[in-house]
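Each protein sequence line maps, in turn, to chains A and B. For the first sequence, the residue numbers in the UniProt record's numbering are 1 to 215. For the second sequence, the residue numbers in the UniProt record's numbering are 1 to 369.
Keep in mind that the hints were calculated from the coordinates and are not lab data. As the structure is a prediction and not an experimental result, all values here were calculated from the model. Even for Gly, the Cβ is constructed at its ideal location relative to N, Cα and C. Be aware that a few hints might be false.
Stated by the list, open to error - A few chain B residues that face chain A, going by a derived Cβ cut-off under 7 Å, partial list only:
no., residue
1, 221
2, 279
3, 288
4, 291
5, 292
6, 311
7, 315
8, 336
9, 339
10, 341
11, 344
12, 346
13, 347
14, 348
What the hints assert, rightly or not - DEER-style ranges, computed between Cβ atoms:
no., chain 1, residue 1, chain 2, residue 2, range
15, B, 138, A, 75, 54 to 64 Å
16, A, 134, B, 330, 50 to 60 Å
17, A, 116, B, 138, 57 to 67 Å
18, B, 274, A, 99, 29 to 39 Å
19, A, 205, B, 185, 54 to 64 Å
20, B, 330, A, 9, 24 to 34 Å
21, B, 133, A, 210, 44 to 54 Å
22, B, 126, A, 75, 25 to 35 Å
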Amino acid sequence: RIMPVRWSRYNPSYLEPEVKKESYQRPLEELSEEEREQMELKTVRPIKAALPTLSSSVFSDPMISKFTNMMMKSGNKVLARNLMSQTLENIKRKQLEKYHKAPENEKDTIECNPYVIFHQALKNCQPIIGLSSITRGGKTYQVPVPLTDNRKRFLAMKWLITECRENKHRRTMMPEKLSQELLQAFNNEGPVIKRKHVLHKMAEANRAYAHFRWW
Amino acid sequence: AVGRVLRLCRRWGAGPRAQTLRLICTTTAVHRKNAGASGPEKYTEAFIKKQIEEFNLGKRHLANMMGEDPETFTQEDIDRAIAYLFPSGLFDEQARPMMKHPNEVFPEQRKIQWGEDGRPFHFLFYTGKQSYYSLMHETYEKWLNVQKHQDQLIAQDLPVQKEKRNLAGSRWLTKIELEEILLEKVSDDDYSRFIKLLQKLVALPCADIEDKYIQKFSREVPVQLQKVVIEPLQYDERGVAFSTGEGKRKTARATAVVYDNGTGKITVNGIDILHYFPVLQDREQLLFPFQFLGRIGKHDTVCTVSGGGRSAQAGAIRLATAKALRSFVTEKEVEFMRQAGLLTVDPRVKERKKPGQEGPRRKFTWKKR
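Chain B extracted, bound-state conformation (with noise of 0.2 Å):
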């Protein structure tokens, strides 16, 4: 029993078909890379249940070891018994001895394509991506029943539908996502040609007889404004309601407390803003939010700011505003202060100079010796 753990935790051996020596105490389970990324396959299906045979017997003998119950011996149960009977100084987690279910720790990877003749089991093996083009070829034989359904149907003279199907709501795979249910690597142009040929299916008005096929390949978006959420109204001691937000752009960083009530005054850093903010354009982009709203008069604002430049200051604090007056107002108006930009952090920093080069794009003056 101890020795059948302790062979657990030996060192990986080399080799595609060294089937004795493989490890549960290796770190590829927790790095865990793309799914395709990984070299050529390296165990058949037949070693892979085999250690998972090998896991489950260990992890019962673990139990009667330790004098617990072996069928409900959890995955935590493992771990606290392999760090008392093998406790080890070692600085690094993933380097002390473990025991995990082989799942865990051989990657998902493709098993041996091929059976002990060398023959492989799929008919594509030898183009290189057969997930991918076994792939296409089911979906262009979706594409050709449901053809085959429309010409019937136009045989007999019924009439075909054309109910859209509500594309807002939906997004297709993503390229990872598409690898990691493929279990190879995608190139762009075949990511975009699957993609292409999806939407060619989905184009198709009797479409909806393959829908389950489509559901496997789109998932749901959710409406972006149940993202975010809005904080109620807060009231100071004269009673009236206020609320704050916080704004940055560039290394501008800004708070803003905007009041009801009011007349329309802003304050920033205990200046008006006719005197912190000289040029017009930054004044105009302090009242774009309650221009927008149709709400000038109304509120009063006390700002503070710090860092950045001027323009940087001025747009973190409408962004601290915008945020603010989300409170005050309806979900429709928030809805559309977003479509206009102004819930948006700008994401615009200035671009680092490479090295080789003068600027950031400006390269050194070209000499021809």
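One chain only, chain A, in its complex shape (with noise of 0.2 Å):
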């Protein structure tokens, strides 16, 4: 049996699927011209197939899949999915509490759809600016750099995920120290702010080195 070693097992040419179903329902005149052109590309090329942690329900979210795959230890899916819909539930629990509790006129501001607090934390915890190490004439120098989104996504949540290890009694289990987490970060406090407040200021501070970057 011949196996391709060290590179993907599909053709180049082969296109990402869209999962959303809503995106299939757009009647051909709202499209752009770009859209109409990549509809036309998609009907040509192959497609590849659909990642088992995909699907179209509602349920399914790419960003809250990749969360779980940073949490998840030595391929115990398992595990890390039951976690991570417990975090969500007890975020719903705590915000249907605070709901119940809280006046007439205040109804309105709390949030309860976990998903849209997931995501608000997330982007609140997302750093702008980050540093990166460079050598010049022996000495090492933190220089100010721009970040990609997909970057500034895996710094979030790496610092979501490490902050819950690290930073809690032994007896808490990780879906209450996390929806503690989530609820403080989106409301712009907590320990993972402070870091990206910390790594901001040490751009700030270093902005002297910034013509150092080439890119």
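Starting from two chains that each stand alone, build the complex the way the hints lay out.
Spelled out as structure tokens, the structure:
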């Protein structure tokens, strides 16, 4: 059996699948020129198979599955997914408690949807600028550098997970701690936001070395 | 006459200029390798012509010998005649005597590119890739032509046409096809440069003048959907419509039968999915095709699956149900399913372990001493 080594199993002409049902129900007139060309290209090229984590149901979210994969240890996806669902349940419970205790005028401001809270918390945790070590003349400087979208998301998720794994009491469960952190990040408080601010301050302090960047 | 046929069957002579002893019984035609991969040029054009003349003459003599009409003597007749006259008990068919047209025997290689005095014919011979560079020069010339035409139109204040060609239905030549046309090796870099030049040419507004030239280098791509045949619905004894589908993922193989007028129950190997797939992710995958088409409570499914692990079995059943659902649904929806990735077989399998490493990617622990 011949197996290709060190490259993707798919031919480079294969395109990524589009799982969301809504994108197929839009009428032709709404689409812009580029989208029309993209659609025509899709009719001609083969498409890769959808991943087992993706699905067209309302409950599957690419960001949540990425976070679950990062939380996973030694391939135990079952455990990671259970933890994630328990976290979302915890968030919902806490928000519902707050909702029922709050006076009438404040009930509109309390957000109950755990997916919305998760996305907003991640967005609040994302750093805008990062540091990269550049060696010049023997000394290593920390140079402020713009970050790509992927990198920002990755850093936010990584900070959340490391924060939850290290800074908790031995007896608290992961979903409990994670829901606490997410709610704090949603309100722009908490250790993860602090870490983001520290990074921003370092970047501001090292502004002088910004010209070392050549890309 | 017999002598001529026999001469045709003698073995290869070595050396580039030995013109008399060339042979038609070699296997070069059959192991047709990449056109540009053969070594330096071995025979001149005059030599090939002479071989063709000899072959035709030999064919007429053979026909006379066999008592058949020389005008209507086909290649199959030649093969039969040779097998009759020279019976061979050799096992390998390609080692037996054969008489074929020289174009099939001598691989399509470039004829020797220099004359008797050693002076090359083409002015770009000493670049090493004369066909490639002459092609680039030609394409650039066409580009300059289009530019000139455009400038003329602008000078005369005529409108410049900007019709967009439909790029989705055509593709450029692949590297291998280009090598076959040029009869010499083309590197990846050279190939990408050529394609970029062609794209530049097509991007100009007045490129329609050189359409014929561009069409030489583009091939049509048929719409993906037309390649697969959708089977019609079958009906069982009670009159209920059903359809079958097969799917696979890693080592798991699954078959699914989807019945109409159902309640949305799914049975796997005689067991309900709630018991067979305790994990939520697998059940989500099984329901994915139905949810995508909006037909969750309408079909009953009975599946059989074997091999693989829990996730692989779920993926195999998903593919099988998606294939079965194609018969229930309009063509447009089948195209949507294909674009959602439901109808492609997932080619990812476990990567093999390599020697000198601990796993497929993990290397052994590096020890300084």
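Hints, one by one, checked against the model:
1. 221: Holds: closest Cβ of chain A sits about 5 Å from residue 221/B, inside 7 Å.
2. 279: holds (6 Å)
3. 288: holds (5 Å)
4. 291: holds (5 Å)
5. 292: For residue 292/B, the interface hint holds, since the closest Cβ of chain A sits about 5 Å away, which is under 7 Å.
6. 311: Holds, because the Cβ-Cβ distance from residue 311/B to chain A comes to roughly 6 Å (cut-off 7 Å).
7. 315: holds (6 Å)
8. 336: holds (5 Å)
9. 339: holds (5 Å)
10. 341: OK, holds: residue 341/B within 7 Å of chain A, min 3 Å.
11. 344: holds (4 Å)
12. 346: holds (4 Å)
13. 347: holds (4 Å)
14. 348: holds (5 Å)
15. 138/B to 75/A: 54 to 64 Å: Hint holds: Cβ distance 56 Å, inside 54 to 64 Å.
16. 134/A to 330/B: 50 to 60 Å: holds (58 Å)
17. 116/A to 138/B: 57 to 67 Å: Holds: the Cβ-Cβ distance is about 60 Å, inside 57 to 67 Å.
18. 274/B to 99/A: 29 to 39 Å: holds (33 Å)
19. 205/A to 185/B: 54 to 64 Å: holds (56 Å)
20. 330/B to 9/A: 24 to 34 Å: holds (31 Å)
21. 133/B to 210/A: 44 to 54 Å: Once the Cβ atoms are compared, 45 Å apart, the range 44 to 54 Å for residue 210/A and residue 133/B holds.
22. 126/B to 75/A: 25 to 35 Å: Between residue 126/B and residue 75/A, where Cβ atoms are some 59 Å apart, the hint is violated.
Hint compliance for this structure: hint 22 alone is broken.
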